[in-house]
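Trainee: Sequence:
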Amino acid sequence: MNTETVQNAQGNTKSQPVPPTTFGGKLKTVGPGFVTAATGVGTGDLIAALVAGAAFGMTYGWAILLGSILKFYLTEGMGRWHLATGSTMLEGWRSLGKWATGYFGVYSILWGFSYGAAAMSTSALMMYTMFPVMPLWAWAIIHGLAGFILVWTGRYGFFEKIMIFLIGVMFITVVGSAILVAPDVGNLFSGLLIPRIESGSLLLVLGLLGGVGGTITMASYGYWLQQKNWRGKGWVPMMRVDSAVGYGITALFTLSLLIVGAEFLFGSGVEIKGEEGLVTLATLFAADFGSFAKWMFLIGAWSAAFSSLLGVWNGVPYLFADFVRIVRKKKNDADERAEKPVSQKDLAYRFYLCWLTFPPMLLLFFGKPVAIVIIYGALGALFMPFLAISLLWLLNSNRIDKDYQNGWVTNSVLTGCVLLFAYLGVMKLIDMF
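Following my numbering, the numbering of the sequence shown begins with 153 at its first residue and continues without gaps.
Read the hints as simulated data drawn from the structure, not as lab findings. Note that this is a predicted model, so its numbers are computed, not measured. Watch out, some of these pointers could steer you wrong.
[Said to hold, decoys possible] Here are the simulated DSS-like cross-link-like pairs (lysine-lysine), alpha carbons at most 30 Å apart as the crow flies:
{"hint": "1", "residue 1": "LYS425", "residue 2": "LYS497"}
{"hint": "2", "residue 1": "LYS554", "residue 2": "LYS492"}
{"hint": "3", "residue 1": "LYS313", "residue 2": "LYS554"}
{"hint": "4", "residue 1": "LYS250", "residue 2": "LYS425"}
[As the list claims (entries may be wrong)] Derived Cβ-Cβ restraints for the label pairs, each shown as a range:
{"hint": "5", "residue 1": "ASN381", "residue 2": "LEU499", "range": "21 to 27 Å"}
{"hint": "6", "residue 1": "CYS506", "residue 2": "TRP289", "range": "16 to 22 Å"}
{"hint": "7", "residue 1": "GLY559", "residue 2": "SER351", "range": "34 to 40 Å"}
Using N, Cα and C, we set each Cβ at its ideal position, and we do this for glycine too.
With the hints as extra help, turn the sequences into a complete structure.
Mentor: This is the structure in structure tokens:
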């Protein structure tokens, strides 16, 4: 990558990467997009796609494709805000009022406590299935500690390499599994190009389009751009390619599991429920294709689970550290962010990393308190519409230069996101109560 020498406000010089101008150069520079894909494609997405394929065949390929496009626009909006304004997403929310950052602060604490246990348990289930040499809870603790150590001791570059490696493993195993079942190409293209909804499947379609859980991780994207030292408006075109690659990979993996469900389970009467359903599918794979296929599928499922854990362990503490910095910031500290962006060495970052890792281990033994589940679920149901509304508000305001404000296509997509995620949030609240 080309670099140039720049001078900061204190007169110090440092090397600054220069954004590539050719499409090939941009593809070679992609990084945070891979991290976004690896973090975003968890076992929940895989299960949803398997369920859709098993129940309706290739019918809902279009929903997976459209859902990836919606999430691209959300992520692109956050990346554009970071690069075009030099401000973080948390600073944008703070400009909307203290209520916005207050909401995030409460939600992040509850989310971290609840998600930590779920991420460790899911990764552990796949490993326990492959190597049942110790209890499930022991594998869960090992995965939590492994993520903690890798993030605490490593730099972003090392973390990104691990995530790209796990993406490669997922490509070979998950996409390989889809190829193994020999999909009907005509049915696949029909499902991708002809939107239709079967009777009684509306909520499944909406879930494939967006979902609600785990969405806080999307807001980490701007901090990964920062860690790559992508700064300034000149990086916006590169960021768009980067995020497009990320969600292209997301669509590819999810479509692969739809294909597996459609070709291998459709019409069989086998039901896939929860993470245990992935283990059931792996066993069925072994019966038809041999033990190698079973191991290949389980390794892919483990890579999806553990890469999501790693992405959260690395990304969400940036959000919390930024939240703490903004809450503590004084009026005369206006230029502090530009010279001292949040980093992995910040006390607040390391506190939240510990919060994700150690307190949730208690839930591995005692389960989740009902009150926390209810509050966490209610705040989580509001997060995606909150994110979409805030991007509509911020990216159409004078807080960002006119050349980088939303166009009519982006505004239309984000408005659709608001309606979709608001409906999903209401349905989630109804299910809770």
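Trainee: For each hint, tell me whether it holds in the structure or not.
Mentor: The hints, checked one at a time:
1. LYS425 to LYS497: Violated, at roughly 40 Å.
2. LYS554 to LYS492: holds, 27 Å
3. LYS313 to LYS554: Given pair LYS313, LYS554 is violated - Cα atoms ~36 Å apart, limit 30 Å.
4. LYS250 to LYS425: violated, 41 Å
5. ASN381 to LEU499: 21 to 27 Å: Cβ of ASN381 to Cβ of LEU499: about 23 Å, so the range 21 to 27 Å holds.
6. CYS506 to TRP289: 16 to 22 Å: Holds, since CYS506 and TRP289 (Cβ atoms, about 19 Å apart) stay within the stated range.
7. GLY559 to SER351: 34 to 40 Å: Between GLY559 and SER351, where Cβ atoms are some 37 Å apart, the hint holds.
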